[in-house]
Amino acid sequence: MSLRVEQSLSQLLHEAFISLRTLGKRSILALLGIVIGSSSVVALINIGHNAAVDAAMIFKDMGTDTLVAQFPPKGGSNVPMRTRLDLDSVRLAVPGIAHIGALSLFSGPIVFHGRTTNANLVGSTPDIHAAMRLVMREGRFLSAFDANETYAVIGDQLAQALGAPGDPLKLGDRVRINDYLFLIVGILHNQPRAMLMPVQANESLFIPAEGMRRVYASPQISNVIIRAAPGQDMERIARDTAAALQPQLTEHDVDITVPQQMIDGMTRQSRTFAYLLLALGAISLVGGGVGVMNVMLMNVSERRREIGIRMALGARQRDIRNLFLLEAVTLTAVGALCGAVLGMTAAWLYAWLSGWAFALAVAALPLGVGSTLLVGLFFGIYPAVSASRLQPVEALRDE
Amino acid sequence: MMTQTPAHPDLISLQGIGKRYQLAGQELSILNDVCLSIASGDSCGILGASGSGKSTLLNILGLLDLPNCGQYHFAGHDIFKASPDELAAIRNRQIGFVFQSFNLLPRLSALDNVALPLSYRGVSRHESVEQAQRMLEQVGLAERAHHRPADLSGGQRQRVAIARALVGKPSVILADEPTGNLDSSTAQEIMDLLLTLNREQQVTLIIVTHDAHIAERLERKILVRNGVVHEAERL
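Chains as they are written, first to last, in the UniProt record's numbering: chain A, 1 to 399; chain B, 1 to 235.
Accuracy of the hints is not assured; some may be wrong.
Computed footprint of chain A on chain B; a stretch qualifies when at least three of its residues, placed anywhere within it, have a C-beta under 8 Å from a C-beta of chain A [claimed, not checked]: (1) 85-94; (2) 178-188.
Each pair of labels, with its calculated beta carbon distance range [as the list claims (entries may be wrong)]: (3) S354/A x E127/B: 34 to 42 Å; (4) E216/B x L377/A: 25 to 33 Å; (5) A357/A x H126/B: 47 to 55 Å; (6) D33/B x L377/A: 44 to 52 Å.
Source of the hints: derived by calculation from the structure; they are not laboratory data. Ideal Cβ placement from N, Cα and C applies to all residues, glycine included.
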């Protein structure tokens with residue numbers, strides 16, 4: 001008697017589709033919950049992925065071969081930082097440094113032909129040019145021979161801000177800072193924003209470090225920028241440089257940031273963010289699953305009589321269970337597909353609005369669709385099993 | 001396929017069957033010590049007033065309900081020892097149900113309704129639809145195969161239900177007031193159809209009815225009164 005073959009798949013699918021079609025409006029409403037859940041999982045995974053890619057790109061622009069040293073004061077000391085450091089001895093002490101330069105920062109108004117703009121005044125050593133990867137549009141950068149001159153190199157955006165239509169800032173023009181006129185010897189190309197750099201070159205005026213006293217009574221070195229030769233161990237250079245700089249300082253520490261560490265930290269952070277988004281998607285998916293369960297329970301109670309008839313015709317418990325389970329899964333599968341399309345569209349739209357490059361996250365589709373199907377299965381099991389447990393005579397009885 | 005134990009040559013054999021329900025804390029006895037045997041090819045009417053227990057008897061006969069005590073052998077199977085799956089298989093292969101309210105599935109076409117019992121045997125969809133079509137031809141509804149039950153008249157619906165009961169080639173047809181919802185001329189046609197099947201294909205026919213005219217046309221009359229079963233004189 002147990003020589004029964006399973007119901008054929010085509011028959012099962014045929015019935016599930018007929019049933020869902022006749023379920024009509026209610027299954028569409030349940031579908032809506034599933035679509036929202038599934039699409040938010042897909043969209044959020046993808047948006048998180050794109051955000052991480054974008055963040056990583058910002059740092060990559062700057063290059064992972066650059067180190068930035070800061071000099072926080074020791075303890076409660078308020079002794080000002082030194083005005084110059086012996087960088088050549090550092091270069092000799094640490095092999096693998098390609099360029100090393102120091103910055104002292106001040107900000108103040110710059111006047112050109114009666115127009116005033118606030119800008120970063122950056123006292124630079126000549127090697128800053130290479131250490132910060134500055135690219136000249138016109139003229140030249142400051143050299144060691146300019147130490148005593150009132151020469152300046154101007155950033156692209158600052159030059160545009162000081163210029164006016166018909167009166168652009170050109171090489172050889174002079175800009176005024178306090179009572180000093182500085183001769184523009186170079187104009188920088190537009191630089192990409194470098195997140196780790198203490199100054200944005202576009203908005204800065206570079207002047208010789210030795211001349212900072214002209215605009216600011218007590219200039220201090222705020223940062224040292226180091227660029228390593230290719231293929232160096234950045235951690236080692238950071239350590240050795242800190243060790244080489246420390247003897248020159250009495251009241252300050254040396255704190256060197258390795259960009260790779262920051263990129264790693266940023267990636268970790270964006271991953272945490274992505275998990276958070278994923279959890280949100282999962283919660284909405286569970287909400288959708290409850291909707292499916294609701295529809296299926298209604299469906300089962302409305303079709304009690306049908307269940308009784310099917311049992312009288314010879315359906316086993318597992319046939320009834322499969323019937324309703326397949327309906328729940330078919331419902332969620334349709335929802336998962338719609339959700340995948342909608343989620344991808346939302347992620348693309350978000351990337352477009354944020355000005356990111358859209359990249360498909362590998363995990364987004366399988367994870368979104370797969371988790372949705374699992375939710376359908378999970379929330380479909382209870383109604384299906386409760387349908388299959390009905391006694392034929394009770395199911396057939398008129399309400 | 002099925003081995004019949006020689007101890008029970010009858011298709012259906014009930015001995016000392018009792019059925020009780022718990023209702024509002026009170027024990028309600030529906031059937032008492034029912035002994036009945038029905039041989040293959042019989043046509044029986046089960047008669048009785050409403051509330052006499054005749055529907056419960058039919059449910060027990062059709063394996064939709066289990067009795068509380070007694071012995072029931074169906075085609076050699078001990079019903080008390082059968083698993084739910086085995087009971088489902090016996091219903092599927094041996095019993096065809098015809099209900100008073102037709103009990104067709106409203107979502108499915110007449111053809112799909114008739115094909116349904118075959119799908120629970122693992123018959124492929126193509127083949128079961130073919131057999132269902134042949135069965136609909138036999139009850140004279142070939143051209144209505146793709147109509148939904150709602151688009152059919154009462155008599156046509158009952159024919160579809162009979163086709164569904166017959167498609168699995170059962171040994172018994174259990175009919176619960178099959179003509180109860182039909183007008184008298186349609187009722188006549190349905191009874192003719194059932195009796196022809198009984199005569200020509202030796203299908204055992206068990207009909208629950210309270211209509212004496214229908215009972216007249218059957219070989220055996222089983223009277224149910226207050227949960228007790230008597231058999232009237234055979235014709």
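Verification of the hints:
1. 85-94: Since 8 is at least three, the answer is holds.
2. 178-188: violated (count 0)
3. S354/A x E127/B: 34 to 42 Å: For S354/A and E127/B the Cβ distance comes to about 58 Å; the hint is violated.
4. E216/B x L377/A: 25 to 33 Å: Violated, since E216/B and L377/A (Cβ atoms, about 56 Å apart) do not stay within the stated range.
5. A357/A x H126/B: 47 to 55 Å: 52 Å, holds
6. D33/B x L377/A: 44 to 52 Å: 49 Å, holds
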